[in-house]
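*Asks:* All chains, please: the whole structure from these sequences, using the hints.
As you go down the protein sequences, you meet chains A and B in turn. Under the working numbering, the first residue of the first sequence carries the number 1, and numbering increases by one thereafter. Under the working numbering, the first residue of the second sequence carries the number 1, and numbering increases by one thereafter.
Hints are not guaranteed to be accurate.
Beyond 12 Å from chain B on every Cβ pair, some chain A residues (computed) [what the hints assert, rightly or not]:
no.: 1; residue: G40
no.: 2; residue: R60
no.: 3; residue: K105
So, partial list: chain A residues that the calculated Cβ filter (under 10 Å) puts toward chain B [as the list claims (entries may be wrong)]:
no.: 4; residue: E41
no.: 5; residue: V44
no.: 6; residue: A48
no.: 7; residue: V84
no.: 8; residue: F88
no.: 9; residue: C89
no.: 10; residue: F103
Since the hints were derived computationally from the structure, they do not count as laboratory data. Just so we're clear, the structure is a prediction, and the values are computed from it rather than from any experiment. Even glycine gets a Cβ: it sits at the ideal position worked out from N, Cα and C.
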Amino acid sequence: GQQLNQSPQSMFIQEGEDVSMNCTSSSIFNTWLWYKQDPGEGPVLLIALYKAGELTSNGRLTAQFGITRKDSFLNISASIPSDVGIYFCAGSISGAGSYQLTFGKGTKLSVIP
Amino acid sequence: NAGVTQTPKFQVLKTGQSMTLQCAQDMNHEYMSWYRQDPGMGLRLIHYSVGAGITDQGEVPNGYNVSRSTTEDFPLRLLSAAPSQTSVYFCASSYSDRDTDTQYFGPGTRLTVL
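*Replies:* What follows is the structure, given as structure tokens:
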């Protein structure tokens, strides 16, 4: 099946710094999603991308759907302590009746005050 | 709305025991699914359902059974627990299988099999 490579695996940053993480795939997706998971909770959707080249923002978060449809990145600007958590990318291919999501392994973000 | 609820939050089992993880949603969602999350891994789909009475296998179905007798509930059964099933289990739901991009996740059940 499809595989998503998410990097980096973990990051330690100072409060106020910008953060960038990305996902690459061996297959084409037509939807890219970014989730955040707080400790002890389920993932929560941050941003959804539906078109190659699309750039979407949600507050301090910005995500882009790669032109090749095989990658996506997430940027967080001016990080704050509540940004701590695990960020997952996920992709899906709609077609042939399948909308199942494939998840990356996550990027664990730690913010040092 | 309570959203997606899961019980129990924590569970410890011995090898060979059986149990059912409960999942319920009050949003009238047709699509429900079960994922497992292992350390350093993304979520992997176990089983899913596109509506009451309809279930199908995901990526890692072995060792798990599901049923969907009502729209609201989607229990996950472990018939004979194994240590390899130690994991965090998440239930999720969305309006339909075409809306998996906007599915809501429950808070998870942390299962340890000794």
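*Asks:* Could you run down the list of hints and mark each one as holding or not?
*Replies:* Status of the hints after comparison with the structure:
Not every CB of chain B lies more than 12 Å from the CB of A/G40, the least distance being 7 Å, so the non-interface label is violated. The non-interface label for A/R60 is consistent with chain B: the shortest C-beta to C-beta separation is roughly 22 Å, beyond 12 Å. Its closest Cβ contact with chain B, about 5 Å, brings A/K105 to no more than 12 Å, contrary to its assignment away from the interface. At a threshold of 10 Å, the smallest CB-CB gap from A/E41 to chain B is about 6 Å, leaving the interface hint in force.
Hint on A/V44 holds. Least Cβ distance to chain B is approximately 7 Å, under the 10 Å limit. A cut of 10 Å between beta carbons decides the hint on A/A48: the least distance to chain B is about 5 Å, and the hint holds. A least Cβ separation of about 17 Å between A/V84 and chain B goes past the 10 Å threshold, and the interface hint is therefore violated. Because the smallest distance between the Cβ of A/F88 and any Cβ of chain B comes to about 6 Å, under 10 Å, the interface hint for this residue holds.
Hint status for A/C89: holds, given a least beta-carbon distance of 8 Å to chain B, under 10 Å. Below 10 Å, beta-carbon pairs count as interface contacts, and A/F103 has one with chain B at about 3 Å; its hint therefore holds.
Hints 1, 3 and 7 from the list above are not met by this structure, while the remaining hints are.
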